[in-house]
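Asker: The listed protein sequences derive, respectively, from chains A and B. The numbering used here puts the first residue of the first sequence at 1, with every later residue one more than the last. The numbering used here puts the first residue of the second sequence at 1, with every later residue one more than the last.
Derived by calculation from the structure, the hints in this document are not laboratory data. There may be inaccurate statements among the hints.
Under the rule of at most 25 Å between Cα atoms (straight-line distance), these lysine-lysine pairs were calculated in the DSS-like manner [unchecked claim]:
| hint | chain 1 | residue 1 | chain 2 | residue 2 |
| --- | --- | --- | --- | --- |
| 1 | B | 88 | A | 97 |
| 2 | A | 59 | A | 41 |
| 3 | A | 12 | B | 88 |
| 4 | B | 88 | A | 41 |
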Amino acid sequence: MNNGVIIAELEKIVGDRYVSDDPEIQYLYHYDFISAEPEGKCDIAIIPGSAEEVLEIVKLANKYKIPVVPWVSGINFGSIATPRKGGLVIDLRRLNKVLEVNEDDMYAIVEGGITWADLKGYLDKHHPDLQAGITWSPPGTGVIPSCLCYGMFNLGMLGGTGAEFINGLEVVLGSGEMARIGSCSVNDYWYGRQPFPDLAGLFIGWEGTTGIVTKMAIKLWPKLPYRQDFLPITQTVEQGAPMMLKLSRVGLGIVDLLFINLGWAQSLLCLDQNEVAIDPVKLGLPDFYGVISTQAYSEKQHEAHCEAIADICKEYEMDAFPIDDQLESFPETMRGILGQMTPSTGGQAPVQFWGCWNFSRGGGGEWVGCYNTKRNIVKYYQLSREVCIKHGKVPQYYCRFMFGGHYVVTRTNINFNKNNPDEIANARQCLKEIHDSVQNLEGTVMYKPPLWAVNYYNEKMHPVTHGLIKKIKSMLDPNNIMNPGQGIEGEK
Amino acid sequence: MVEKQDMYLNGKGITKIKTVASQKQMENYRDLDYYKDVVYQCGKCGTCRTAYHEHGWERVCPSGEYGKFEAYYLGGKNLLTWGLTSGKLNWSEKMVEIFYSCSLCHACIQQCQIPEIHNYAGEWLMAMREEAVKQGKAPMPEHKQYTEHIINGNNPYFEDHEDRLNWLPDGIKLDPKAEIAYFVGCTSSYREQGIARATAEILNVLNIKFQVLKDEHCCGSPVFMTGQTDDAIKIAETNVDTFKKAGIKKIITSCAGCYRMWKEVYPKKFKLDHGIEIVHLPEFLLNGNGRELINFKNEINIKLSYHDPCHLGRHMGMYETPRELLKKIPGIELVEMDRNRENAWCCGSGGGVRSAFKELSEFAAMERLKEAKNTGAEALVSSCPFCMNQFKSNNKDSEIKVFDLSELVRKAI
Numbered sequence: 001m002n003n004g005v006i007i008a009e010l011e012k013i014v015g016d017r018y019v020s021d022d023p024e025i026q027y028l029y030h031y032d033f034i035s036a037e038p039e040g041k042c043d044i045a046i047i048p049g050s051a052e053e054v055l056e057i058v059k060l061a062n063k064y065k066i067p068v069v070p071w072v073s074g075i076n077f078g079s080i081a082t083p084r085k086g087g088l089v090i091d092l093r094r095l096n097k098v099l100e101v102n103e104d105d106m107y108a109i110v111e112g113g114i115t116w117a118d119l120k121g122y123l124d125k126h127h128p129d130l131q132a133g134i135t136w137s138p139p140g141t142g143v144i145p146s147c148l149c150y151g152m153f154n155l156g157m158l159g160g161t162g163a164e165f166i167n168g169l170e171v172v173l174g175s176g177e178m179a180r181i182g183s184c185s186v187n188d189y190w191y192g193r194q195p196f197p198d199l200a201g202l203f204i205g206w207e208g209t210t211g212i213v214t215k216m217a218i219k220l221w222p223k224l225p226y227r228q229d230f231l232p233i234t235q236t237v238e239q240g241a242p243m244m245l246k247l248s249r250v251g252l253g254i255v256d257l258l259f260i261n262l263g264w265a266q267s268l269l270c271l272d273q274n275e276v277a278i279d280p281v282k283l284g285l286p287d288f289y290g291v292i293s294t295q296a297y298s299e300k301q302h303e304a305h306c307e308a309i310a311d312i313c314k315e316y317e318m319d320a321f322p323i324d325d326q327l328e329s330f331p332e333t334m335r336g337i338l339g340q341m342t343p344s345t346g347g348q349a350p351v352q353f354w355g356c357w358n359f360s361r362g363g364g365g366e367w368v369g370c371y372n373t374k375r376n377i378v379k380y381y382q383l384s385r386e387v388c389i390k391h392g393k394v395p396q397y398y399c400r401f402m403f404g405g406h407y408v409v410t411r412t413n414i415n416f417n418k419n420n421p422d423e424i425a426n427a428r429q430c431l432k433e434i435h436d437s438v439q440n441l442e443g444t445v446m447y448k449p450p451l452w453a454v455n456y457y458n459e460k461m462h463p464v465t466h467g468l469i470k471k472i473k474s475m476l477d478p479n480n481i482m483n484p485g486q487g488i489e490g491e492k
Numbered sequence: 001m002v003e004k005q006d007m008y009l010n011g012k013g014i015t016k017i018k019t020v021a022s023q024k025q026m027e028n029y030r031d032l033d034y035y036k037d038v039v040y041q042c043g044k045c046g047t048c049r050t051a052y053h054e055h056g057w058e059r060v061c062p063s064g065e066y067g068k069f070e071a072y073y074l075g076g077k078n079l080l081t082w083g084l085t086s087g088k089l090n091w092s093e094k095m096v097e098i099f100y101s102c103s104l105c106h107a108c109i110q111q112c113q114i115p116e117i118h119n120y121a122g123e124w125l126m127a128m129r130e131e132a133v134k135q136g137k138a139p140m141p142e143h144k145q146y147t148e149h150i151i152n153g154n155n156p157y158f159e160d161h162e163d164r165l166n167w168l169p170d171g172i173k174l175d176p177k178a179e180i181a182y183f184v185g186c187t188s189s190y191r192e193q194g195i196a197r198a199t200a201e202i203l204n205v206l207n208i209k210f211q212v213l214k215d216e217h218c219c220g221s222p223v224f225m226t227g228q229t230d231d232a233i234k235i236a237e238t239n240v241d242t243f244k245k246a247g248i249k250k251i252i253t254s255c256a257g258c259y260r261m262w263k264e265v266y267p268k269k270f271k272l273d274h275g276i277e278i279v280h281l282p283e284f285l286l287n288g289n290g291r292e293l294i295n296f297k298n299e300i301n302i303k304l305s306y307h308d309p310c311h312l313g314r315h316m317g318m319y320e321t322p323r324e325l326l327k328k329i330p331g332i333e334l335v336e337m338d339r340n341r342e343n344a345w346c347c348g349s350g351g352g353v354r355s356a357f358k359e360l361s362e363f364a365a366m367e368r369l370k371e372a373k374n375t376g377a378e379a380l381v382s383s384c385p386f387c388m389n390q391f392k393s394n395n396k397d398s399e400i401k402v403f404d405l406s407e408l409v410r411k412a413i
């Protein structure tokens, strides 16, 4: 690729200030600087200032057959934004505005590069009675990528994955055209994808391999006046999971329902992995920490919800202590970011949950994260835990119930020192073994898989389905410029 | 007068992280090699860009908001530091430009919740500059030019040293035997002379015996902040020698940069244990000589907003004292900008930015002026002549007045 010629043309689109092939600029787009996945190569980084500029860039990329990779923060624990085949990294972060909030239909139209901090800040100031579902991702990460990659939000029981929060899209296709998807394709309302053929699915779960989303409408929810967050604790995941299964079917205003094991709790408390036992369960330490978030419109309703939740917890021999009460029992120096996460402790999402990648104090973290049937919750943990301990890693497990309890996310995270090649290699091996182990559980499907997992799914997938994916990809991205080497197609 | 010291790191205006048990205790003011094994804890997560968990989640980093590429935010700089110290990257013109187009305001550091980054990233950002200078790659040409004049002419404004006291009006009473000195600083001596006059007049009104030394040299901040530490130490040694020989036991400053240099950098970084008490003007007025000195007689009816200078606020932990003083002036209505105290947006003049990166500097200043106007304030007030000069220079439509705290105090006593 002749950088000079390409850069000259790109400068005509965005101005010389927002294009660079300086090694120091490229370097920060080579990979995510968190995972154990190999680096890619960014040839040119570009920061467009409008959807029209994105369109022109993609047209140019088609002309020269240059790969393009859309990017907001680039960190996603699966390394799916790593530019595998070089080319342009399109950093969308100048597109960071909330364009409109429709309070009646409760949605916000946001630009492609908006971060959680931008969105939350805007809603705080201008629409304090509405809330967005927000992930546990850091404030500087992207809203739209999270939605498109089926992220888990703190209203997950209410609304499902981030993909289910999408009302409509404006997207630059790999072919160099721009489309609108949803009700916004016929009028200026973005209240839903119905009743049209649901073309949003052409861009959800595709990891930027079919188009670049420049605008999105996402559902907002009313911020109800009454809210409580409970943190029941018990000895084992095996004891706690049945309670969560019951809670996933009872309504009770539950908007978020999840549990974590001690390893994940320790990283939330910002302990140092090097100073904790690899297998604390052996030491008899409690290994189940549930989070039950409920909200209500009236005090009576809220009291009734909380009472019912407490009763269910009691059935399973647990106390539904509110998170703020539980926090009081931890010394202040050991509360980590736990107190930052929920409104009932004066916190809010987004949070800088740095224990996700820095539990080891070595800045490296990656997970095997799967969407799953609820039938696998315990077994998934048991299998992945065994592998972690074998590799000398504290197992960090997380299970979140989604969309009224219809499915779950099961995820095992490991941390490592990214400055140590041996640790990186060990981490990769550990992750692969976790994956191999849990993939034997029927119903487990990895989301945001790194490349080494993608081929597995390609081989397992229904052949007509897989063929359909390939056809759609070819149609939308005829020159295969959109994040090549990533997504469900993986390495060709 | 209460500065909430238990909230902040010792001597700083960066909040303590109280909820993390395992925090590596490190030293400040060390070289790059010392910090290289903590920098890569950074995950480039972007937390450093916005006021963490503050209402509105405002953007806080002028360098990043202007430069836009990842490299210009703290996350980018952390990982470039890792790249350099691990041999993956080398020093280059671009690397120098990235690290120098930053005022070292520490707004980014305040946001990151990883203790080693929160507590020490400021140290390695400075260490990178020092290393760049050692390697002969830095500082920027503009910095070299003014440093030469500071060394030879004792100020960065290319003015004559002999003119340093030209601001001094005839009526000011000085006492050559006083143990208190007013350290004027270069910006007040040569540019914002109103601040120097106001401060001197205030001290006269309060019957404070003080000196202004004709051999006061630049405090060295513009040299130190651009990584030229060896030169800065020599400048500091001269100043310390001059003031000690003059029998000075207490220095009053009206410039945040001078205050920080004398109080923190000289003794802690340069190891010049001068033993002189350093007080900034508002703290002297509220608690000088162990009691409140000031007594306001005149009303000033004005709605104003206070800008926290970075060298006073985040670097030295002084947020409330200037505000308390302002609130004591009859008629003043103080309104806060959204980004205040430890989340204050930098004016864009420090760290060598104003000399070498004019567009970035302007961008930062105009952003702050806009923010002040949005509060409905009639005036923007600060306690640093460099901030004030920066705002005045960029106050193009003059919709808001710009004052120094000393000027308002002078009018009110």
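Asker: Please verify whether residue 59 of chain A and residue 41 of chain A have alpha carbons no more than 25 Å apart.
Answerer: holds, 21 Å
Asker: Would the hint linking residue 12 of chain A and residue 88 of chain B be met if the CA-CA limit is 25 Å?
Answerer: violated, 32 Å
Asker: Given the hint that residue 88 of chain B pairs with residue 41 of chain A, does the C-alpha gap stay at or below 25 Å?
Answerer: holds, 14 Å
Asker: Does the structure keep residue 88 of chain B and residue 97 of chain A at a Cα separation of 25 Å or less?
Answerer: violated, 35 Å
Consistency note: the structure conflicts with the earlier hints numbered 1, 3.
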